[in-house]
Amino acid sequence: CFAIFENGQIYRILWKSGVWSTWQSIGRDRQYQFITQPTFLTSKPLNESSLDQICYLLAIDTNSNLQLSTNSNCAQLDSFT
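Going by this note's numbering, the residue at position 47 of the sequence shown is 172; the numbering climbs one at a time, nothing skipped.
None of these hints come from the bench; they were simulated from the model. All C-beta atoms, glycine included, are put in the ideal place defined by N, C-alpha and C. Fair warning: there could be bad hints in the mix.
Simulated pairs of lysine to any residue, SDA-like, Cα-Cα distance not exceeding 25 angstroms [to be verified]:
| no. | residue 1 | residue 2 |
| --- | --- | --- |
| 1 | Lys169 | Tyr136 |
| 2 | Lys141 | Thr164 |
| 3 | Lys169 | Leu191 |
| 4 | Lys169 | Gly143 |
| 5 | Lys169 | Ile185 |
| 6 | Lys141 | Leu191 |
| 7 | Lys169 | Arg137 |
| 8 | Lys169 | Ile138 |
| 9 | Lys141 | Thr167 |
| 10 | Lys169 | Phe130 |
Cβ-Cβ distance ranges computed for the label pairs, FRET-style [as the list claims (entries may be wrong)]:
| no. | residue 1 | residue 2 | range |
| --- | --- | --- | --- |
| 11 | Thr195 | Ser150 | 27 to 33 angstroms |
| 12 | Lys169 | Ser189 | 28 to 34 angstroms |
| 13 | Gly143 | Leu183 | 15 to 21 angstroms |
| 14 | Trp145 | Asn190 | 29 to 35 angstroms |
| 15 | Lys141 | Thr187 | 29 to 35 angstroms |
| 16 | Ser142 | Thr187 | 31 to 37 angstroms |
| 17 | Ile185 | Leu139 | 21 to 27 angstroms |
Sequences are here, hints too, so could you generate the full structure?
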């Protein structure tokens, strides 16, 4: 999973079953607009493959709120809080 920041939106592309997905906007269900580039953290080193790997994505929205997306096993489901 790779995330990029452009025009206040965070996009990602996923590798699944040997194929790259199309670029998708993160947080599009809530129409988030971000003012900072995201910070991407993982619970284990990126080169360590593990079923219990957790991904965290942090960014500040236009209301100056810190938004956190936590995904178990780095799944493609967004859960911003």
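For the pair we were handed, Lys169 and Arg137, check the Cα-Cα distance against 25 angstroms. holds, 20 angstroms
When you take the CB atoms of Trp145 and Asn190, is the distance between them in 29 to 35 angstroms? Because 31 angstroms falls inside the window, the suggested range holds.
Would you mind confirming whether the straight-line C-alpha gap from Lys141 to Leu191 stays at or under 25 angstroms? Distance of about 29 angstroms is beyond 25 angstroms: violated.
Given the hinted pair Lys141 and Thr164, is their Cα-Cα distance within 25 angstroms? holds, 23 angstroms
Hint consistency between Lys169 and Tyr136 [alpha-carbon to alpha-carbon, up to 25 angstroms]: Cα-Cα ~22 angstroms, so holds.
Does the Cβ pair Lys169, Ser189 satisfy 28 to 34 angstroms? holds, 31 angstroms
Given the hint that Lys169 pairs with Ile185, test it: the Cα-Cα distance must not exceed 25 angstroms. holds, 24 angstroms
Can you tell me whether the CB distance of Ser142 to Thr187 sits inside 31 to 37 angstroms? Because 36 angstroms falls inside the window, the suggested range holds.
Going straight from one Cα to the other, do Lys169 and Leu191 come out at no more than 25 angstroms? Between Lys169 and Leu191 the Cα gap is close to 23 angstroms, so the pair holds against 25 angstroms.
Would you say the C-beta atoms of Gly143 and Leu183 sit inside 15 to 21 angstroms of each other? violated, 30 angstroms
Measure nothing beyond the straight line between the CA atoms of Lys169 and Ile138; if it is 25 angstroms or shorter, mark the hint as holding. Roughly 20 angstroms between the alpha carbons, so the hint for Lys169 and Ile138 holds.
Taking the CB of Ile185 and the CB of Leu139, does the distance hold inside 21 to 27 angstroms? Given about 24 angstroms between the Cβ atoms, the range holds.
Violated hints for the displayed structure, listed by number in ascending order: 6, 11, 13.
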